[in-house]
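**Q** These are the residues of each chain, in order.
2 protein chains.
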Amino acid sequence: MGSIDIDAVDADALRAKIAKQATSPAHEARLLCRHNLLTNTSGAAPGFLQANLLVLPSKYAGHFRDLCLRNPVSCPLLGVTSPGDPHTVSPAGCIKSPDFDLRTDFPKYRVYKGGKFVGSRTNLLDVWTPDHVGFLIGCSFSFEDALTAAGLQPRHQITGSVVSMFRSNIPVLPAGVFSGAKCIVSMRPYRPEDLERVRDVTRPFLSTHGEPVAWGYDGAKEIGIEDVTKPDFGEPQVFEEGEVPVFWACGVTPQMVVESAGDKVEGLVFAHEPGHMLVTDWTTGDLEKLRSGVGGS
Amino acid sequence: MGSIDIDAVDADALRAKIAKQATSPAHEARLLCRHNLLTNTSGAAPGFLQANLLVLPSKYAGHFRDLCLRNPVSCPLLGVTSPGDPHTVSPAGCIKSPDFDLRTDFPKYRVYKGGKFVGSRTNLLDVWTPDHVGFLIGCSFSFEDALTAAGLQPRHQITGSVVSMFRSNIPVLPAGVFSGAKCIVSMRPYRPEDLERVRDVTRPFLSTHGEPVAWGYDGAKEIGIEDVTKPDFGEPQVFEEGEVPVFWACGVTPQMVVESAGDKVEGLVFAHEPGHMLVTDWTTGDLEKLRSGVGGS
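Chain order of the listed sequences is A and B.
Just so we're aligned, residue 0 is where the first sequence starts under numbering that gives the first Met the number 0, counting upward by one.
Just so we're aligned, residue 0 is where the second sequence starts under numbering that gives the first Met the number 0, counting upward by one.
Bear in mind the hints are in silico, worked out from the structure with no lab data behind them.
Glycine residues also receive a C-beta, built at the ideal position from the N, C-alpha and C atoms.
There's no promise every hint is true.
[Claimed, not checked] Each computed EDC-like pair below joins lysine to aspartate or glutamate, with the alpha-carbon atoms no more than 16 Å apart:
#1 Lys263/B / Glu195/A
#2 Lys16/A / Glu27/A
#3 Lys16/B / Asp98/B
#4 Lys181/B / Glu221/A
#5 Lys58/A / Asp285/B
#6 Lys58/A / Asp199/A
#7 Lys181/A / Asp98/B
#8 Lys58/B / Asp262/A
[As the list claims (entries may be wrong)] Calculated Cβ distances over 12 Å to all of chain A for the following chain B residues:
#9 Lys115
#10 Arg154
#11 Phe232
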């Protein structure tokens, strides 16, 4: 008999307890994230839409809502919390379970001050204030399931790497204090002959970035990307012979919006750690209803 | 006694009849347009939202709806007709009167074939087919009333000229057959000290282009406009000392989308003649409900 790994036993016991308590695969994924038993949420609870996060002091909530409504491809709104209430998301379909806490149910968070990243943490319990409002924004993990199901699995999933992300020249159209930001795009290599299928498969996912914003090497240049092997975030991707880059809007964009606003935003701002998403109760069956996002009322 | 102008008498009689029949100022404006008694609709029926038009063969309707949902600042959807039915708009709040005909109730139309403008006409009665679908898209006339009410009347209204419009480098994010287009922007000169008020006044008009997309001479360069005195459409505007250009997304953009699609779109496409809009039954009171546009269902 080898030595017993107490942590592993505890984790397994906790996992079993969570599996028993959870009311849905999405709820189970959130509970696993809450207890740091799940970190990168890629592939978690297939069929459920995942969300990026931005949390702002309430005085900026109206401007940020407008920014999302004006830029639904990079910032599609899936839900918004009431000011100061981290347990309730509107519309209610986004998080159906009463057992929810925005401050803990993402695996990992980032903290910003004056537009600058100041640190990561596994929960927001001691930095959250009753004045904070959380915005849940659609995530490309949602359409990657569909690509895989269509035999078009994204390269980074096959190689176990982080998707390449680039700063593009596509403007994020301004709203109030939020101006001057550019879209972040994610990149996946595909064969030119698969391009129309790739576009068709991701098109219905309007509320989770939808179809590509640019493709091919000319498309890359057009959106200001000179070298597709040198991403600004994530990891370089392997191109097989003849493959071309295909770009989608990316949910890291809201963090660039906060960086661009800089000192104009007073107070702490929180975001998710890239790759560490919230699994929502929206499903791919809700896509037609969600269209390009909710109004954020 | 001078000679009697028969046409004027007839027109006056028709105007009086229309005023009696009309169920609202918007309906009256539409009837005047139908009978070519009103051409440029700027200033008509204040408080009612005006709309740009694009009419497509039904096979492209899904892609164009997606394009509007992805680009709500330049292409905010106010309503869509059922295929082949020029009398009914969804949602019903857009046109409440049963006495409506999309083929006559704009003062003037443009016809496109293979992405090329092929002619103007005062109605679409003999070119419309049961396969055509009409899209109504928000128009900046709607927020100009609000600017005027705030003491910020647009210069082109004061000088009686046509607003300056420019081709910008802001991409219209692609959807299906529609790719490669850039946003058209309209330009109004303002003093730098009025800029924040100008932004605030137009911000709520999310479904009719909303707040500016760029401002100042640096802003002009940023969106690819080198000379603000040489518009691509409309007329040059007078700048008073110290004034800077302020740019809004413009509802002529959908026509650029059709031009970019070129031969990919088969069949006739119709649009409004710039400045010759439809007065809808939506009012400024509906703006919050409309947000960045309707879903087009």
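**Q** With reference to the structure, classify each hint as holding or not holding.
**A** Status of each hint after checking the structure:
1. Lys263/B / Glu195/A: holds (14 Å)
2. Lys16/A / Glu27/A: holds (10 Å)
3. Lys16/B / Asp98/B: holds (15 Å)
4. Lys181/B / Glu221/A: holds (12 Å)
5. Lys58/A / Asp285/B: The given pair, whose Cα atoms are some 24 Å apart, is violated under the 16 Å limit.
6. Lys58/A / Asp199/A: violated (39 Å)
7. Lys181/A / Asp98/B: violated (46 Å)
8. Lys58/B / Asp262/A: The given pair, whose Cα atoms are some 48 Å apart, is violated under the 16 Å limit.
9. Lys115: Lysine 115/B is indeed farther than 12 Å from all Cβ atoms of chain A, at 23 Å.
10. Arg154: holds (22 Å)
11. Phe232: holds (21 Å)
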